[in-house]
Amino acid sequence: MSATNEQAFAGHSIALTLNGQTRQVDVQPWTTLLDLLREQLDLVGTKKGCDHGQCGACTVLRDGKRINACLTLAIMCDGAELTTIEGLADGDTLHPMQQAFIKHDAFQCGYCTPGQICSAVGLANEGRASTDDEVKELMSGNLCRCGAYSNIRAAVVEVLPSMNAAPDQGGRGQ
Amino acid sequence: MNPFSYSKPSDIAQAVNLAGPASRFIAGGTNLLDLMKENIARPEHLIDITGLPLKDVRATDSGGVMIGALVSNADLAWHPLIERDYPLLSQAILAGASPQLRNMASTGGNLLQRTRCYYFYDSTVPCNKREPGTGCPAKDGLNRIHAILGASDACVATHPSDMCVALAALEARVHVQGRAGARVIEFADFHRLPGDAPQRDNQLADDELITAVELPAPRFQQHSHYLKIRDRASYAFALISVAAAVELDGDVIRDVRIALGGVAHKPWRDTAVEQSLKGQPVSRENFVAAADAMLRDAQPLAHNAFKIKLARRAIVRALSDATLGGTV
Amino acid sequence: MNANTPIPGSSALGQPMDRVDGRLKVTGQARYAGEYPELGLLHGSVVSSTIASGRVVRIDASQALAVPGVIAVIDHTNRPPIASYDEDYQDADSAEGSPFRPFYNDRVLYSGQPLVLVVADTLELARHAGSLVRIEYEIKSHQTDLSVGQGDAHTAPAETPKPRGDFPGAFAHAAVTVDTHYSTPNEHHNPMEPHASTVFYKPDGSLEIHDKTQGTQNCQDYLHSVFGLEKEKIRILAAFVGGAFGSGLRPQYQLPLAVMAALKLQRSVRLTLTRQQMFTFGYRPQTLQHMRIGAAKDGKLMAIAHDAIGQTSRFEDFTEHVVEWSGMLYQCDNVQLSYKLAPLDVYTPLDMRAPGAASGMVALECAMDELAIAAGIDPVQLRIVNFADSNGNEGKPYSSKELLACYEQGAERFGWSKRNPEPRSMRQGRQLVGWGMAGGVWEAMQMPASAKASIDSSGKITVSSATTDIGTGTYTVMTQIAAEAAGVNPEDVTFVLGDSSLPTSPLQGGSFTVSSVGTAVQQACRALRAKLLDAVRMAHPQYAVVDMADVGYGDGYLLIDDQRFAYADIVRESSHETLDVQIDAKPDDKREGYSTATHSAVFVEVLVDEDLGTIRVNRVVDAVAAGRVVNSKTARSQILGGVVWGIGQALQEESQTDHTLGRFMNHSLAEYHIPVNADIGEIDVFFVEENDSIVNDLGSKGVGEIGIVGVASAIANAVYHATGKRVREFPITLDKVL
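Protein chains in written order, with my numbering: chain Y, 1 to 174; chain R, 1001 to 1328; chain X, 2001 to 2738.
Worth flagging that the hints you see were computed from the coordinates, not collected in a lab. Don't take every hint at face value.
To be verified - Here are the simulated DSS-like pairs of lysine-lysine, each with C-alpha atoms no more than 30 Å apart in a straight line:
hint, chain 1, residue 1, chain 2, residue 2
1, X, LYS2264, R, LYS1037
2, R, LYS1037, R, LYS1055
3, Y, LYS65, R, LYS1037
4, X, LYS2586, X, LYS2633
5, R, LYS1309, X, LYS2736
6, R, LYS1139, X, LYS2736
7, R, LYS1309, X, LYS2725
8, X, LYS2140, R, LYS1139
9, X, LYS2633, Y, LYS103
Only chain Y is shown next, with the shape it has when bound in the complex (with noise of 0.2 Å):
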């Protein structure tokens, strides 16, 4: 992005692995991960549906975890890996969870969509919902206005067994 932005940011820097990459970048202490996202590194695949830790349209996996990028301040991921939805395909092969939700039209508008793919994604890392009552508690933390949940659940139902298996797939930035 733009030389003016950066330097309007200017302030503490930190080091972060974001997507497999190591970035160096300048944050204010009152920056969020998700303002850093979208104002500073115009990766803008992470939404802001809230601001409030109330949508999950924000989420991202740090180390692996999913957690809701609005209401996480840049300069505590000092040294984190993130991971955020342009970082889940393998080149021009799409995560399996992004190709399930095309597949089962788990979205229409598109907004929810980066934060449920990430959310899905942390719930196979996390291992603990294989069922499609599991699955609808454990993406609750994600809404979804156009009202896609059944399609986004049987997206996730569907993926879940493979990475159930290889719990590493996706999401570690690795």
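Starting from the known structure of chain Y, fit chains R and X onto it as the hints suggest.
Below, chains R and X alone, put in the same frame as chain Y:
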């Protein structure tokens, strides 16, 4: 958010020395950053405590468990020791927030969650909790989600945590450290009723840091249940919640704990009611009597009278599920 | 192969094609309005009024301006010039009256009104500086309570159908009657993407704007008249819209405010509203409704009266179709409908998914359930005996209405015949089981629309129209329509939308996009195919007089006798780089003689905890008659979404006003509840066969709205069946069934 400075101490003494009235500790940040974005919390300095060595869950000599203040809600709920010995706590934690928030939120921070009162959360309207002396519009306003027990003229807000309701039932102890040294606070004493100082949620001094939450040796793992009732199936604060923990001797109640969420400014217990159940047989009648007794002083506001009826039924249901597999 | 027909099996219509924009959406590459970067882009933050009525006396921005990085603080005293007259603020979805004029003067018309815009180098700085702005008010008394304000209600400026027959007489003599009141609350759209505008200020002073909108040209026209800018200097783009549900039908205030800042500073500016500010403009208005229905012993409807009062603002009369449905869904000779509005100190309501129908059908379909009980008739049977094949409001037959098939097939799939009609008669452990049903209806409209189709020498077709895709699948279904009409594979079609410089399109709303834009696309692609044939005629004298009817097509070639002409070759052999056509489509005259509508029958199973009152929608079967379905996958998704909306409407959604403060108080996604994944059980959506040769050449009626209609009533009826409690005040929260 207002601009603030930031530091990340590496030991507890350093952290406590940095603390003061204009500073706040931050760990998960799930509530603090929310409040800062709403202009409700305006610290000038944030002390990042995530580098402190407070991340262990370990067994204590007395047979209990010491939970480091930085253990995440998710890790705690799914910790083998907690799942086995304190299933009530696991259930309560998993009933709260979302998977993402539980991955972020810390044990210590969960105790410091602030109310979800609409008026508290809207910095443009009066609120005694947010701006002491400005008044309480909730009392005569939208108060469907508000307190039925222990409220005051100054404040009718409720405590939002699920985990704390279980910790109250389990009689946890809160370990804190300040510049003057360490102390231990019984859970029942940790949170305050609003009285005429609703701005204070708890007993912590400005420089005090929660370092751990201690659970006594498990006694209720066979017969406990956390029941949460809310306006949607998940990702919503409790209208009413009940943490029920029973120790049985055959079908006689040897000991019992009942803590309520969503009813008061703090997790609500009534030890007299619990005492009256001891030695009694497990029965629906006894549970109903206990529920009635727990709510005898309840004071409804214009829109929350249903909570009294709901809390009574919820207590009976939770005790029943804890003891009889829900058959009464 | 038959002449002038697509090659068998080559039709893209009806296929469950994956979304063509799916890959962009699952990889985070789809950019929404507030996501376009530029060097030196400024960020705005709005400061909103905290009072519901009065006047701004003083704005003190000194502290805000002192924050390093703050560029400007703009309010009504220092904004660029804007228009004064009402008509300059009117747009394609305006209500009657004087539209809200942001930053026009010192008047405060509602709580949450934008009063000040802070512009800074970064978003966080702008927000922080906004918190430092001090506003002094002169406060006037306000009224935001419809239950009080209904006394001042006036007849809505809507074309409510005139009474027919003799309602009072027929009602008085009816064997069975229902006389009940229902209320529905204010609800906010809350699309996941907050409203945002990114205004790029170009060196020549023109504006290129990425806006969250359902009408790019509507926004262009609005800015043209409000700011007096030439239309050519305003380009509105909306490649992706993160949901809207009606919230983008009118230009929302972030757009003119961002433009004000850009014009004043001659810089590029982005303004994104906060979630809290998503509660500071249009919403579905609260209604109070009175239903009176009279029927003969056999359930035949004798009399229907439906009276509704909706809330509106002091400055505009917002109208929607609340009561019309009661005069058109069933056969009834004595009908009396009325619709009034009560002005309050609030913002003007706004169309929200199935506007009017979602609210009005709650009253009609709950009252029908109450009538079924009063008459001792099965609710499905009651509706079957009152089926109308013509629209009583208009006196016209329906172009098609396979509602009986919806009832029958829906009931079959649901297992309705196993229902014990007695309330509280079915249970699973502690859960009372309730089965309820309702019908749904929505208009099948068509608007004029234009489209352009262009084919290049590689045989690739680009089709364009200024419409949007708010998640409805427009990109995908237009691709399918174009492919079918042009005779190519969908992979060879690119559909371009979301740009005010493209051929004219109506607002995307009302379920009329497939009907309107789809028809234009179909006609443009057919015309393109004709143009390709013309090129063949020119280049190949032996076919100079070949008749269109004797030409087969498909897979990217024309077939004349046994001669194949690949489209790519035809273009290459022509003297043009591309062959282009643009057409203006309008509704066919044959629609005039008919009434056109979509219908549904919704069957619901609820589980209600006997002690705790918690309500779970366990199972939904939704049978839909919407003509021909262009994409069975995305159409199903539309209905699924509508059902989820219906569940929210029935059980959760309510924007709660503190009437002392005159302000919505649950303005967050934590306290304004919409359904989460765990709320949603099994939803079985299917489309019944419905052939309609009147509605348009596609035979397609649109599916955006019909999915929500009837769902809330079916749930309420199921809750009654489960508990024996009839809740008539929505939403049905657990306290109402305890």
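Do the hints match the structure? See the list:
1. With a C-alpha separation of about 28 Å, the suggested pairing of LYS2264/X with LYS1037/R holds against the 30 Å cut-off.
2. For the proposed pair LYS1037/R and LYS1055/R, the alpha carbon gap of about 27 Å is at most 30 Å, so the pair holds.
3. Proposed proximity of LYS65/Y and LYS1037/R is supported: the alpha carbons are some 24 Å apart, at most 30 Å.
4. Restraint check for LYS2586/X and LYS2633/X: satisfied, since their Cα atoms lie roughly 27 Å apart, inside the 30 Å limit.
5. Distance restraint check for LYS1309/R and LYS2736/X: the Cα-Cα separation of roughly 12 Å lies within the 30 Å cut-off, and the hinted pair is therefore satisfied.
6. A C-alpha spacing of about 21 Å is found between LYS1139/R and LYS2736/X, which places the hinted pair at or below 30 Å, so the restraint holds.
7. Between the alpha carbons of LYS1309/R and LYS2725/X the distance comes to roughly 17 Å, so the proposed pair stays at or under 30 Å and holds.
8. Between LYS2140/X and LYS1139/R the alpha-carbon distance is near 23 Å, which keeps this suggested pair within the 30 Å criterion.
9. At roughly 10 Å between alpha-carbon atoms, LYS2633/X and LYS103/Y fall within 30 Å of each other, so this suggested pair holds.
In this structure, none of the earlier numbered hints is contradicted; all agree with it.
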